[in-house]
Amino acid sequence: MTFRTSQLTESVQASPPNPSTAPTTRSQAWVKPVLIIGVVLYLALVLFIPAANVFVQAFDGGIDGFLTTLTRRPFLNAIKLTLLMAAITVPLNTVFGLCAAWAIARNRFPGRTLLLSIIDLPFSVSPVVAGLMIVLLYGRNGWFGPLLEANNIRVIFAIPGMVLATAFVTLPFVAREVIPVLEEMGRDQEEAAKTLGANEWQTFWRVTLPSIRWGLLYGIILTNARAMGEFGAIAVVSGNIAGRTQTLPLYVEDAYKQYQTQSAYSAAVLLAGLAVVTLILKEILERKTRIKDS
Amino acid sequence: MTNPTLTRSPSTWHNGLDRVTHVSWPWRITWAYLIVMLFLPTAAMILKASTLAPADIWRIATDPVALSTYNVTFVTALIASGINGVAGLVVAWVLVRYTFPFKRIIDAAVDLPFALPTAVAGLTIASVYSSNGWIGSLLAPLGITVSFSRLGVGVAMIFISLPFVVRTVQPVLQDLEPELEEAAWCLGASRWQTFWRVVLPPLLPAVLTGIALGFARAVGEYGSVVIVASNIPFKDLIAPVLVFQRLEQYDYAGATVIGTVLLVASLVVLLIINILQAWGRRYDV
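Protein chains in written order, with this note's numbering: chain Y, 1 to 294; chain W, 1001 to 1285.
Hints listed in this document are in silico derivations from the structure and should not be mistaken for laboratory results. Since this is a predicted model, take the numbers as computed values, not measurements. In this text, a Cβ means the ideal position worked out from N, Cα and C, and glycines have one as well. Just to be clear, a hint being listed does not mean it is correct.
[Claimed, not checked] Here are the simulated DSBU-like cross-link-like pairs (lysine-lysine), alpha carbons at most 35 Å apart as the crow flies:
#1 W:Lys1103 with Y:Lys288
#2 Y:Lys257 with Y:Lys80
#3 Y:Lys80 with Y:Lys288
#4 Y:Lys257 with W:Lys1235
#5 Y:Lys80 with Y:Lys282
#6 Y:Lys282 with W:Lys1103
#7 Y:Lys194 with Y:Lys282
#8 Y:Lys32 with Y:Lys288
#9 Y:Lys282 with Y:Lys257
#10 Y:Lys282 with Y:Lys32
#11 Y:Lys288 with Y:Lys194
#12 W:Lys1103 with Y:Lys32
[What the hints assert, rightly or not] Counterexamples of contact, computed for chain W against chain Y with all Cβ distances above 10 Å:
#13 Leu1052
#14 Trp1058
#15 Pro1064
#16 Ser1068
#17 Val1075
#18 Ile1079
#19 Gly1143
#20 Arg1150
#21 Leu1151
#22 Leu1176
#23 Pro1202
#24 Phe1234
#25 Trp1279
With the hints as extra help, turn the sequences into a complete structure.
Below you can see the structure in the form of structure tokens.
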């Protein structure tokens, strides 16, 4: 005991704690700037410089190069198709995400954690494997292949397959963002509404939805960003036919492979702009929910 | 005396029937959607793999080209997610504990790899790290080529898995009271002792979860790697690109077997993540 106390006093004498910034003694003063500079350098090498490069290269030859690409037909088709992907898969996954979030957050049942992990599966499965699964199901040699062929419906190398692939990879986002919000909200308000005579729809629209709106919006934004930016899964099922099944990310790769650097960067800068908008909206939503918390 | 189980059994039975016939709409939509979107495709692949003879599966899965792609994919992903394990911990520490200019922007920008389409990431990394790019031209005189080599695969994987550790560690670090460290200091612990014995243990589950999430993402990554790498077998060909190439050659058996290997790997990682998260919760009490 005595030994410990003496050791303690000794160390206290060696480095007297400063009351305002207690652990930051003089000998440690170099740690903070070194860590900050290290972090900024690391992020610059991996993130900031590559990100800045997209914008610089896109407008390297002035805005004309960008505008010329913008008028090309395959490019316009790619934009149209990218918007179509988001327009179909975002509502689908929003409805599913809301239903799944309600089922998981409002019920206790055996296998609940397993169901959560299953919903998360598309995040850990390679997009290429996701595309492969859809080819094996709907392709010519797939389970539904003969049936689809008999009815003259094309899924693979066509838009339906691309929608399925996009919906697969974006499936978890809404459910994942809404579940914690629903759990935190609890069911008191909903039960109060029901006791006061509201039916299920009224309870959902007037009580549940307003409480989860920011979480839901967050999930929708992430779904949209991924749906517009998905590459691997769509590359497998689409066949990458220019002007017909080529979305913007596929256009980027195709143009790059054909050494049309300007075209590739013109498409890339649009997608990077989408990413920046996504991040800004995300930040705004996070701040909104944080203000509500405090 | 009546048997309580006997009197109760009709009502439980009725409840059970009730549950089957009166399943609410959200439940039905959830299951129908999951079956169509997730279970059917997964079953299609697993059953396709099971139609092959076990000897064929083994031959395809352990083919030298396939083995080399596992090496490039899993080892590079492990190194990349490991680097981000350390770097992510430092980034999270700096973002939570220090204040400095542009902190909010830097904090928000950490999520860029989640938001930036992978094809764009591949395109820009390939050109920035190529021998006449901004960073590549500095490395070229040292004899380091990044683009179109395994090193480029590593850089793309580092980019892709960057946010995971930062985002898993940040909330835990925020809840960790600095008083704990001060107490350790006052009790005479050195800076290293404080870090190893007081700060790191509660953060470790979060760090490992982040590494596992980043690893899973890096193993499955296709878009950025296919553009950055030269995709030559035994050099920098990764398993997802091999699946894609096999499909392009209409070799469905080959694609399915290697795809199944990747699926099993991601299921194992998912299991590890669940165990890590359960481990992390023991600090919640």
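Tested hints:
1. W:Lys1103 with Y:Lys288: holds, 18 Å
2. Y:Lys257 with Y:Lys80: holds, 22 Å
3. Y:Lys80 with Y:Lys288: holds, 32 Å
4. Y:Lys257 with W:Lys1235: holds, 20 Å
5. Y:Lys80 with Y:Lys282: Distance ~25 Å between Lys80 of chain Y and Lys282 of chain Y Cα, so the pair holds.
6. Y:Lys282 with W:Lys1103: holds, 16 Å
7. Y:Lys194 with Y:Lys282: holds, 33 Å
8. Y:Lys32 with Y:Lys288: holds, 30 Å
9. Y:Lys282 with Y:Lys257: Distance ~33 Å between Lys282 of chain Y and Lys257 of chain Y Cα, so the pair holds.
10. Y:Lys282 with Y:Lys32: holds, 28 Å
11. Y:Lys288 with Y:Lys194: The hint holds at about 28 Å.
12. W:Lys1103 with Y:Lys32: holds, 14 Å
13. Leu1052: Non-interface label stands for Leu1052 of chain W: nearest chain Y Cβ at 13 Å, farther than 10 Å.
14. Trp1058: Holds, since 20 Å exceeds 10 Å.
15. Pro1064: holds, 21 Å
16. Ser1068: holds, 17 Å
17. Val1075: holds, 16 Å
18. Ile1079: With a cut-off of 10 Å, Ile1079 of chain W remains clear of chain Y, as the shortest Cβ separation is near 14 Å.
19. Gly1143: Given that every Cβ of chain Y is farther than 10 Å from that of Gly1143 of chain W, nearest at about 19 Å, it holds.
20. Arg1150: holds, 17 Å
21. Leu1151: holds, 13 Å
22. Leu1176: For Leu1176 of chain W, whose nearest Cβ neighbour in chain Y is about 13 Å away, the distance exceeds 10 Å, so it holds.
23. Pro1202: Consistent with the label, Pro1202 of chain W stays out of reach of chain Y, its closest Cβ about 17 Å off (over 10 Å).
24. Phe1234: holds, 20 Å
25. Trp1279: holds, 14 Å
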